[in-house]
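With the hints as constraints, model all of the structure from the sequences given.
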Amino acid sequence: MVALAAFTFSATAADQNSTPPDNTEKNERDRSGDNKTPIDQSNRPEDIKLVAEIRKAVVADDSLSMTAKNVKIITTPGKVTLRGPVNTADEKTKIAAHAKAKAGQSEIVDQIEVKAADSTK
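Under the UniProt record's numbering, the first residue of the sequence shown is numbered 1, with each subsequent residue one higher.
Source of the hints: derived by calculation from the structure; they are not laboratory data. Do not take every clue at face value.
To be verified - The calculated lysine to aspartate or glutamate pairs, modelled on EDC-like cross-linking and capped at a C-alpha distance of 20 Å, are:
#1 K79 with D40
#2 K72 with D61
#3 K49 with E107
#4 K49 with E113
#5 K79 with D62
#6 K69 with E113
#7 K49 with D90
#8 K56 with E46
#9 K92 with E113
#10 K79 with E113
#11 K72 with E113
#12 K79 with E107
#13 K94 with D40
#14 K56 with D90
#15 K92 with E46
#16 K94 with D110
#17 K100 with D90
#18 K94 with D61
#19 K72 with D40
#20 K92 with D62
#21 K72 with E53
#22 K94 with E113
#23 K92 with D61
#24 K49 with D61
#25 K100 with E113
#26 K115 with E53
#27 K100 with E53
#28 K115 with D90
#29 K94 with E107
#30 K72 with E107
#31 K94 with D62
#32 K72 with D90
#33 K100 with D62
#34 K69 with D90
#35 K56 with D110
#36 K92 with D110
#37 K69 with E53
#38 K100 with D110
#39 K72 with D62
#40 K92 with E107
Model, not experiment: these values are computed from the prediction.
Quick look at the structure:
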């Protein structure tokens with residue numbers, strides 16, 4: 001006979017009172033075509049190589065959070081776009097520095113967003 005254990009998870013009182021996340025504005029912004037999304041990534045070998053080099057530098061930086069290491073890095077000929085959330089302004093600066101160090105003369109478009117500080121902590 002095999003006994004199975006069932007686990008239930010309940011939300012904390014704080015979770016039950018919070019508003020669910022709403023990304024509607026960001027989704028509309030991304031659909032507008034004015035901002036680069038991963039679908040815009042160039043397939044040119046040199047652009048793919050550049051993304052890989054920047055990503056390796058970001059991932060190797062132990063001072064960055066996992067959130068920061070997951071920013072979007074999108075290259076098109078002559079341009080590198082950085083997008084996504086990070087926890088601190090310092091992380092934003094470090095990721096941009098990694099991109100600049102690897103990108104040479106390519107333009108860096110820094111659209112990284114620093115998460116708002118949680119005032120409940």
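Structure-based check of all given hints:
Of the supplied pair hints, the one linking K79 and D40 holds, its CA atoms being roughly 11 Å apart against a limit of 20 Å. Taking the CA atoms of K72 and D61, the gap is near 16 Å; set against the 20 Å cutoff, the hint holds. Only pairs whose Cα atoms come within 20 Å are accepted, and K49 paired with E107 is accepted, the gap being roughly 16 Å. Between K49 and E113 the CA atoms are separated by roughly 25 Å; this puts the pair beyond 20 Å, and the hint is violated.
Between K79 and D62, the direct Cα distance comes to roughly 26 Å. Violation of the 20 Å bound is thereby established for this hinted pair. For the given pair, K69 sits about 13 Å from E113 by alpha-carbon distance, which is consistent with the 20 Å threshold. Taking the CA atoms of K49 and D90, the gap is near 26 Å; set against the 20 Å cutoff, the hint is violated. Of the pairs offered as hints, the one joining K56 and E46 holds, with about 15 Å between alpha carbons and a cut-off of 20 Å not exceeded.
Taken as a hint, the K92 and E113 pair is honoured in the structure, with Cα atoms around 8 Å apart against an allowance of 20 Å. For the proposed pair K79 and E113, the alpha carbon gap of about 19 Å is at most 20 Å, so the pair holds. The straight-line distance between the Cα atoms of K72 and E113 is roughly 11 Å, inside the 20 Å bound, and the hint therefore holds. Simply put, K79 and E107 have alpha-carbon atoms about 5 Å apart, close enough for the 20 Å limit, and the pair holds.
A distance of roughly 24 Å separates the Cα atoms of K94 and D40; the hinted pair therefore is violated under the 20 Å criterion. At most 20 Å may separate the alpha-carbon atoms for a hinted pair to count; K56 and D90 meet this at roughly 19 Å. The suggested pairing of K92 with E46 is violated, with an alpha-carbon distance near 24 Å, which exceeds 20 Å. The hinted pair formed by K94 and D110 meets the criterion: a straight-line CA distance of about 11 Å does not exceed 20 Å.
In summary, the hint linking K100 to D90 is supported, as the alpha carbons are separated by about 15 Å, within the 20 Å threshold. This hinted pair checks out: K94 and D61 have alpha carbons roughly 9 Å apart, not beyond 20 Å. With a CA separation close to 11 Å, the supplied pair K72 and D40 stays within the 20 Å bound. Simply put, K92 and D62 have alpha-carbon atoms about 14 Å apart, close enough for the 20 Å limit, and the pair holds.
A C-alpha spacing of about 13 Å is found between K72 and E53, which places the hinted pair at or below 20 Å, so the restraint holds. With a CA separation close to 13 Å, the supplied pair K94 and E113 stays within the 20 Å bound. With a CA separation close to 13 Å, the supplied pair K92 and D61 stays within the 20 Å bound. Note on K49 and D61: the hinted pairing holds, with a Cα-Cα distance of about 19 Å set against a maximum of 20 Å.
A threshold of 20 Å between alpha carbons decides the hint, and for K100 with E113 the separation of about 18 Å falls inside it, so the pair holds. Pair hint K115 plus E53 does not hold up; C-alpha atoms about 25 Å apart against a cutoff of 20 Å. Restraint check for K100 and E53: satisfied, since their Cα atoms lie roughly 11 Å apart, inside the 20 Å limit. For a cut-off of 20 Å, the pair hint linking K115 to D90 stands: about 12 Å separates their Cα positions.
Of the supplied pair hints, the one linking K94 and E107 holds, its CA atoms being roughly 16 Å apart against a limit of 20 Å. Between the alpha carbons of K72 and E107 the distance comes to roughly 16 Å, so the proposed pair stays at or under 20 Å and holds. Between the alpha carbons of K94 and D62 the distance comes to roughly 11 Å, so the proposed pair stays at or under 20 Å and holds. A C-alpha spacing of about 17 Å is found between K72 and D90, which places the hinted pair at or below 20 Å, so the restraint holds.
Distance restraint check for K100 and D62: the Cα-Cα separation of roughly 18 Å lies within the 20 Å cut-off, and the hinted pair is therefore satisfied. Of the pairs offered as hints, the one joining K69 and D90 holds, with about 13 Å between alpha carbons and a cut-off of 20 Å not exceeded. For the suggested pair K56 and D110, the alpha carbons sit about 18 Å apart, so the restraint of at most 20 Å is met. As the CA atoms of K92 and D110 are separated by approximately 9 Å, the hinted pair is consistent with the 20 Å bound.
Restraint check: the Cα-Cα separation between K69 and E53 comes to about 13 Å, which is no more than 20 Å; the hinted pair holds. This hinted pair checks out: K100 and D110 have alpha carbons roughly 10 Å apart, not beyond 20 Å. The hinted pair formed by K72 and D62 meets the criterion: a straight-line CA distance of about 18 Å does not exceed 20 Å. Restraint check for K92 and E107: the C-alpha separation of about 16 Å stays at or below 20 Å, so the hint holds.
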